[in-house]
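Enquirer: Whole structure, please, built from the sequences with the hints as guidance.
Number of protein chains: 4
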Amino acid sequence: MKRPDDDSTGPAGLRDTQSEPDHRRIAIDRVGVKNLRFPIRVGIGTGEPQSTIATVQLTADLPHQFKGTHMSRFLEVLHAHGPVLHPEDIEHLLRTLARRLHSQSAHLELEFPFFLEKKAPVTGAAGLLDYTGRFSATADDKSTDLVTTVIVGVTTLCPCSKAISSSGAHNQRGQVTLSLRTRSPIPLAEMVTLVEQSASSELYSVLKRPDEKAVTERAYANPVFVEDLVRNIAEHTNHDPRIVWWQVEAENFESIHNHNAYALVTKRP
Amino acid sequence: MKRPDDDSTGPAGLRDTQSEPDHRRIAIDRVGVKNLRFPIRVGIGTGEPQSTIATVQLTADLPHQFKGTHMSRFLEVLHAHGPVLHPEDIEHLLRTLARRLHSQSAHLELEFPFFLEKKAPVTGAAGLLDYTGRFSATADDKSTDLVTTVIVGVTTLCPCSKAISSSGAHNQRGQVTLSLRTRSPIPLAEMVTLVEQSASSELYSVLKRPDEKAVTERAYANPVFVEDLVRNIAEHTNHDPRIVWWQVEAENFESIHNHNAYALVTKRP
Amino acid sequence: MKRPDDDSTGPAGLRDTQSEPDHRRIAIDRVGVKNLRFPIRVGIGTGEPQSTIATVQLTADLPHQFKGTHMSRFLEVLHAHGPVLHPEDIEHLLRTLARRLHSQSAHLELEFPFFLEKKAPVTGAAGLLDYTGRFSATADDKSTDLVTTVIVGVTTLCPCSKAISSSGAHNQRGQVTLSLRTRSPIPLAEMVTLVEQSASSELYSVLKRPDEKAVTERAYANPVFVEDLVRNIAEHTNHDPRIVWWQVEAENFESIHNHNAYALVTKRP
Amino acid sequence: MKRPDDDSTGPAGLRDTQSEPDHRRIAIDRVGVKNLRFPIRVGIGTGEPQSTIATVQLTADLPHQFKGTHMSRFLEVLHAHGPVLHPEDIEHLLRTLARRLHSQSAHLELEFPFFLEKKAPVTGAAGLLDYTGRFSATADDKSTDLVTTVIVGVTTLCPCSKAISSSGAHNQRGQVTLSLRTRSPIPLAEMVTLVEQSASSELYSVLKRPDEKAVTERAYANPVFVEDLVRNIAEHTNHDPRIVWWQVEAENFESIHNHNAYALVTKRP
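Protein chains in written order, with this note's numbering: chain A, 1 to 269; chain B, 1 to 269; chain C, 1 to 269; chain D, 1 to 269.
Note that these hints are calculated values from the structure, not bench results.
Note that the structure is predicted; figures quoted are calculated from it, not measured.
One thing to keep in mind: the hints can contain errors.
Claimed, not checked - Using 30 Å as the maximum straight-line C-alpha spacing, the simulated DSS-like pairs for lysine-lysine come out as follows:
1) D/LYS142 <-> D/LYS267
2) C/LYS267 <-> D/LYS267
3) B/LYS119 <-> A/LYS267
4) A/LYS267 <-> A/LYS142
5) C/LYS142 <-> D/LYS267
6) B/LYS119 <-> A/LYS142
7) B/LYS142 <-> B/LYS267
Expert: In structure tokens:
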């Protein structure tokens, strides 16, 4: 069995090793390109789509009878799609890829930094705070499964340390990873807000002294363990009718240890 | 509801915030410590157990009625176990942890470098080659699920490039990640050999000129795509009666691109 | 001794700890912010300035008599400058920062991905290839010292392996880091071209089969050691009258080893 | 001009490309191997030498008249030296390497994790805390220049936040990098202690509740900026007659920002 050659560019004389038959009878779940940097524009849910740089994994399944996939087509499909990447476009991109490769399904992982403008809580001094977004999607003829993830830095202050100490309480930067499957799109900016409201305090890029006083006191008034952080978020995601599935991880870069505290909850099916 | 205090060390006067009740009714799948560096000795399947440095994640579930876990106990259980860590010991370590935390199950991720002595193919010059091992285990009262992984560097030479070029063929370092669930233990060293025999050539630390000639010609004689690499390994794992489940990933640091070629196959249930 | 308070935002009531005197008589070379992600637009020397995401370090010296710097001003100066960052602007940004902080000098490190469109050598198929750029600058009242760096992926094919083997030759992805001090600006795109022409072959994102044949044969016809790579570049930089100082590093991700080959040359004063 | 062939292993028939002449008249400062993992045993200054895994860079200069170095000899010299690596041995290793390569000087970079047992401050619960060590050495016929570095995690509590807030103060994990050139060896363990005593608190792996109370209160009682941290250390290193040169960096993973605070001081010549 032979796939049609990639005849748009392949001259008759060059052997198409990839399209030769394979006899091991092992279909491959995912084959393609990984760790590719690519400039994209992505909608955050507030303001214009943002220009950013994504790290991309783009794969498709390979039926058992073919020796190899055609790697250049992954790049061609990505380049042909162009830089503006709305979550709504991912399904079309993956189906185009699957069709060109004679695959049943295709898969995308896309991770990128993005920014939200944030005003300091007292002085209102404006600054840009950075986050990480991720789209993970699989599409076949009939359906598309999209998981949207944000990675958000927060402040966490330890309830135990506060309860037992005569003054102060250890606190630290934490990092929350929230992943969702949704019925209707939930913007990245809204996912960030949900996470930030579940912590002892949100982070800021610019804080003047009156702001620093405010966030210090706010964190002291709102102690959370990593356990509290993931439960605070889970309570919200459990009650949001738009959300079909969720997973939340919290990791604290403990200020009193050289290891991290960690918690994970996933919605049970 | 209240868990017994950590009375071996906790003086009566200090409030045990973690043991206080929680009313959100959300059990936590995994809570514990992450990104902890810890010295271990681990059996490779050849020679004495090797001293190495592991990066550890150690977690347990938290029933919904408790506010927090007791983080110090994860460290105490790990320290009490001591440095020599055979895969056979993991079950005991995890059950000890679950018991001390009043959890139903506990989970461990342990990743570490290890070394095999390898002789150059012609001159026999000896050298140490490095690999990465990983144990991922979950245990409850009744059973333990252990996944053993090796990450192995290899040489891959492109069959397409060889077939179409009048001289030479692009080749590169690749990296294979092989994970197994087994009926009986398969040593890390044996997993490494399986991967190395499936590539265009294995890697070496010391190669004199006659050796370099031999590995260059061997790779040229044995071209493999990432697709071939994962299938070569899958053929073996499919036929090994000791192996219950397997997953294999291959990633080529392509010498003609700035992105990587990637393939993944998982045994279907 | 006391610095004027940061009176634009600091209410009279809040103590300015940073401006308090220090008696240890130790001036600090660099103090400020590090590992800050910030969106910028940067001119590459071809086409429009590109939108990208920089990782920023921004510091200033601290005279011995002050206890601390004012961290929020680093962010304010960066935000006030705005996103478009031409190398010509860096001097102004650093002097503004030094003035606001009562420092003698200020220092910037800025690293970011950027892209060049590249056409495949036979079919002309277009694709975007990624590079890393870096500006490292120190400015005081009188002068500015700017070092511009590009990190460029290349193909290297081993001359020894080719000379001794009956067929093929090991080759791999390599990475070249070229840093320059110049009399007049040299665009990043021109620095990339210099590096790419010194290797066995340049890299591409899209290669169809006729292109893959061409780059395979080109690399085989142009073998280079890491030593050749850095010397090829040094020969050019030594003879370019615009270049005052240069340093070049090459690192090969050897396809036959699990370690890298490395070479470094710096222009002698 | 031709170097003697590597005749211990090179058969007469194989061309020694590396030893062929080069006419570009560019000597190379450093050429060799990088990013090599290698098991070592290293003395910490307390207890037995520790087994650990080093990441190694090993290079030598290459005179202008030779085309290439002989990469396999770097590995042979390292393997011949064996695993136990005392700082006192580095000079001999580098001179052996330089002699075998007909180089004037050789250079080593060696980075590795190490551990110290630490008892919790109140309960005395024992645990292992991890650090990173680094040896950076250059040797020629006449002299050896050795720089010894430790990277140490600490707790820092912000003096400004404490001074202006009605309760609490932001604190975080910080990381200090201390490098020394010394007249007589100073053990890694002693360098660690110097750093830990200069912070708001040292870190621990095991802390029971009475310990957590103690370290929380200790940090609150000893606030330091990154500026204070580097000055506290500089005061000591300036007055230690064994120390010829020093450099200290501090980086705080700020709990209220997503970027880090950073300070650097180097001893003026």
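Enquirer: Can you confirm whether the C-alpha distance between C/LYS142 and D/LYS267 stays at or below 30 Å?
Expert: Holds, at about 24 Å.
Enquirer: Would the hint linking D/LYS142 and D/LYS267 be met if the CA-CA limit is 30 Å?
Expert: 25 Å, holds
Enquirer: Holds or violated: are the alpha carbons of B/LYS142 and B/LYS267 at most 30 Å from each other?
Expert: Judged against 30 Å, a Cα distance of about 25 Å means the pair holds.
Enquirer: Given the hint that B/LYS119 pairs with A/LYS267, does the C-alpha gap stay at or below 30 Å?
Expert: Roughly 51 Å separates the two Cα atoms, so the pair is violated.
Enquirer: C/LYS267 and D/LYS267: Cα distance at most 30 Å?
Expert: 25 Å, holds
Enquirer: Given the hint that A/LYS267 pairs with A/LYS142, does the C-alpha gap stay at or below 30 Å?
Expert: Satisfied, since the Cα-Cα distance of roughly 25 Å is no more than 30 Å.
Enquirer: For B/LYS119 and A/LYS142, compute the direct alpha-carbon distance and say whether it is at most 30 Å.
Expert: Violated, at about 53 Å.
When the structure is compared with the earlier hints, violations turn up for hints 3 and 6 and for no others.
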